[in-house]
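When you get a sec, could you build the whole thing from the sequences and use the hints?
What follows is the residue order along each chain.
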Amino acid sequence: MIDATSRRTVLLLSLAAGFGLWAVAFVVLYAMLSVGCAFGWDRGSLVLGLSLQRLQLLLLLGIFLALHVALVVGLKARQSRADAATDRFLRSAARLAAIAALAASVFTYFGAVVLTTCNP
Amino acid sequence: MLAGATVIFLATSLALAGAFIPSVRPLLTPKRLILWGGLVVPSLGLAALVAGAFALGERLLPRQGAETLRIEVVARQFAWEFRYPGTPVATRDVLHIPVGRDIDFAVTSEDVIHSFWIPRLGGKIDAIPGHENIVRLRADAPGTYGGICAEYCGEGHAPMRFTVIAHAPEDYEAALTSEAAR
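Residue numbers (this note's numbering), protein chains in the order written: chain A, 1 to 120; chain B, 1 to 182.
Since the hints were made in silico from the structure, they are not lab data. Note that CB positions come from ideal geometry on N, CA and C, so glycine has one too. It is possible that some hints are incorrect.
Said to hold, decoys possible - Derived DEER-like restraints, expressed as beta-carbon distance ranges:
(1) B:S178 with A:V27: 48 to 54 Å
(2) A:I63 with B:W36: 32 to 38 Å
(3) B:R101 with A:K76: 30 to 36 Å
What follows is the structure in structure tokens.
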């Protein structure tokens with residue numbers, strides 16, 4: 001059993017979880033985009049006409065979107081066990097923030113699917 | 001940009017004016033104002049700007065094309081040198097370009113990092129020693145445009161400007177010939 005203080009600490013941290021994940025995705029996608037361009041992964045096609053560069057970006061984006069969805073679902077599952085009003089508010093706010101972060105990731109990173117990745 | 005800003009300004013003014021009209025005031029609930037003013041309208045505006053930026057970004061990429069012209073840009077404290085491949089011409093702080101043609105500017109520096117920017121023509125790009133960056137720009141109308149160094153590069157940074165003269169296609173070669181004769 002965890003005490004009320006620890007539980008609220010976790011809840012407070014979960015408020016930042018969604019956009020924390022968004023920030024990690026930003027750094028990882030940006031870094032791997034640059035690595036791919038430096039190594040010429042955008043040249044040629046590997047599978048289904050997609051370059052290694054596009055494939056790795058799609059894979060990373062898929063992983064991060066799955067983590068976002070898992071976070072939203074996880075926060076919903078915990079919602080029913082909330083007891084105090086403060087806990088309920090924190091859980092609800094954390095879940096809404098996680099949904100906003102999921103939407104932000106789709107909006108911000110869909111360019112990795114359609115845009116040219118490296119200078120021709 | 002001006003048209004978009006005008007539309008947003010007028011829409012916001014109308015919404016504010018609504019607060020003084022008794023029949024409209026009940027419609028302006030806090031929830032609606034937050035939902036429309038804080039979420040829906042900004043999201044639509046941002047989506048339009050992002051779509052425009054993505055499309056413009058793709059257009060600025062230096063893809064190979066028969067119509068593309070290349071000009072070399074060398075920055076140094078505190079001047080710009082422009083070289084025109086295929087000609088012996090090099091100009092200092094004055095850049096000649098033809099109108100209506102994509103131009104790839106190959107930008108580098110001889111000392112510190114500078115940034116090449118012609119605000120009215122589009123994006124800027126860093127001039128980095130030992131490295132060549134390329135930006136594609138295009139002037140649609142003849143005339144004179146201002147160019148600046150957009151990265152602080154030392155005490156002569158602020159006056160490190162250049163002039164861009166966009167010539168009609170038939171006048172461009174003559175302008176280069178005239179520069180060569182100097």
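Results for each hint:
1. B:S178 with A:V27: 48 to 54 Å: Since S178 of chain B and V27 of chain A have Cβ atoms about 51 Å apart, the given range 48 to 54 Å holds.
2. A:I63 with B:W36: 32 to 38 Å: holds, 35 Å
3. B:R101 with A:K76: 30 to 36 Å: violated, 56 Å
Hint 3 alone, counting from the list given before, is not met by this structure.
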